[in-house]
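Chemist: Each chain, written out:
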Amino acid sequence: MIRLQDISRHFVIGDNTVHALDRVSLHITAGEYVAVMGPSGSGKSTLLNVIGLLDRPDDGRYLLDGEDTTTMDEVRLAGFRRRHIGFVFQSFHLVPRLSAAANVELPMVLAGIPAEQRRRRTTAALEAVGLTDRAGHRPEQLSGGQRQRVAVARATIMGPAVLLADEPTGNLDTASGMEVMALLETLNGDGLTLILVTHDASLGGRARRMVKLLDGRVESDERLSTGPESTP
Amino acid sequence: MDLTLYAAGAVAAQPLRAGLTALGIAVGVAAVILLTAIGEGVHRYVLAEFTQFGTNLLAITPGKTQTFGVSGAMVSTTRPLSLEDAAALARLDGITAAVPVIQGNASVEFGERGRRTTVLGVNHQVPAVWQLRVRMGRFLPADDTGHPRAYAVLGAKLHRELFGDHNPLGQRIRVGGERYRIVGVMAPKGQLLGFDLDDTIYLPVAKVMAMFDREGLMEVDLLYRPEMASEAVAAAVRSTLMRRHGHEDFTITTQDQMLEVLGSILGILTVAVGALGGISLLVGGVGILTIMTISVHERTAEIGLLRALGARPNQILALFLAESAALSAAGGLAGLMAGTGLARGLAVLVPKLPVHVAWEYLILAAALAVVIGLAAGVAPAARASRTPPVEALRSE
Ligand SMILES: Nc1ncnc2c1ncn2[C@@H]1O[C@H](COP(=O)(O)OP(=O)(O)O)[C@@H](O)[C@H]1O
Ligand SMILES: [Mg+2]
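Chains as they are written, first to last, in our numbering: chain F, 1 to 232; chain L, 1 to 396.
Just so you know, these hints were derived from the structure itself, not from any lab.
Note that the Cβ used here is the ideal one computed from N, Cα and C, for glycine as well.
Heads up, some of the hints might be wrong.
To be verified - For the chain F half of the interface with chain L, some residues (derived, Cβ under 8 Å), not all of them: (1) D59; (2) R61; (3) Y62; (4) T71; (5) A78; (6) R81; (7) V95; (8) L106; (9) V109; (10) L110; (11) E167; (12) G170; (13) G204; (14) R208.
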């Protein structure tokens, strides 16, 4: 489903060129649970942004569902993001003036889905992340773990095929981090492709496949058989 | 529709900032409304002053005013406008009255008292044509135009200056060395654009021509039947005078023309005054531009998030345009209410100042506010829509 072929992305800062991604090739199929690990600055976020169509590679080909995304215009990319891709960020990125429910509704507003249907799906999504009683609360009235669960509900409200999580537990204490991880793994269990960026080895070890990056290159790519038997 | 709500929410999230920004537009709109209300009021006031003499009037003056420059080859002699001309015009079909006019200054003496005043040489038709009322006695009689009796009618102010409260009827006065008997006093009429209509004396036109040693009249005023078209009357007058003079050495001014010229001058005045208000509206627009620029900058991360959630660049553009439109619409509405309120209040506080709130300027001011708001929003909104999503997300 996701096929990266010799993807390169570099940034020019003054006289220096940083090769954030250097001829990365990767094939991820539907339903996989992939952990992307590597030291800070190794290109993990850049990889995720390219996969999520937020950033364009400078070189290489990226096929999503068999379609070459490198030649698509902004409007088509936006459509792809809206329908197929969900993002979860380390810093949550909730809109502070909107309630939890309104934050979850936002992708559907952008997609032009009728209000009645939006309300129904939002209620269900908040229930799925265990926040029914927090629907009217604004982000500042929620704990970190609750905020990230709202963000997960928002990321999945459009029924995407891929969920991209960039250090989703980075700003959370261990307990709420584990809650969020459990939530993500449940979604993966239901068939959602999950790509998780982390530098925490114990979290990365839970995935069924681990891609290690170093200086923008794939250092290793291995299947893990020792993943915990989480909820099927 | 839902994006509009989202934009409204963003505006409402910072009420103080939104309020101050909208205030700039409100002041501009209020200024436009107030200033145009005064302009329009003056416009109407002046037109009303002019039409109080009736609108089915036509004036003939000697000499031809050239509209498109004078050609040197066409030197023509100007014949004076004579009493016979006036009489011929009075006989025309549809003309109900004609007043030959001569005007000058002379001192009027009664006993020891004297006063320099405006002398109007006219005939008995003045009350009908100029719509003036006689308060005491009667106006000049319909004497033989060439040999009138030496009668005089006083304007209200001249009467007061010379006689105080006393009845002047039958008294003899001297004007320009000749003796006249007073037969009437006019009702006060006030001033017309600075000219005191009451500080006057009305004498038979032939006498005044002799007094000032003039061959021709300064003006002939015609009153025509209201149902007649001014163009038709003007054409009849022109051909009659052409026949008598041989060529066109006179100028015909209809009341319509005068009102048209006056109306357009006053209209320009109103627009100019309104444009002054428009400048403050423009300043309000700069306020929106500033705030929207700041807002786009502050909310870069939010823009990135919306893009990550699948927003198209056009949706981002529409979002910020809607915000600036909301700011200006709110300001415009407040300005509309404040402007009309102030205009009404002004009319009550200063009754002498003519104020008229015109609908077309209300609509114009409101439309202008929204246009300015949108225009001010375009640049910041375009910048927001062009921000690359990754950069926007990294900004936090
Ligand atoms: N927009 C950018 N401009 C300049 N340099 C960037 C940009 N994005 C990433 N980089 C650089 O590319 C490298 C990889 O960054 P990133 O993908 O964020 O690493 P990671 O997420 O693994 O910590 C780093 O050296 C980073 O400084
Ligand atoms: Mg990173």
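Chemist: Each hint should be assessed against the structure and marked as holding or not.
Modeler: Right, here's what the structure says about each hint:
no.	hint	in the structure
1	D59	17 Å, violated
2	R61	19 Å, violated
3	Y62	15 Å, violated
4	T71	17 Å, violated
5	A78	4 Å, holds
6	R81	5 Å, holds
7	V95	6 Å, holds
8	L106	6 Å, holds
9	V109	5 Å, holds
10	L110	5 Å, holds
11	E167	13 Å, violated
12	G170	13 Å, violated
13	G204	23 Å, violated
14	R208	26 Å, violated
The structure fails to meet hints 1, 2, 3, 4, 11, 12, 13, 14 from the earlier list, while all remaining hints are met.
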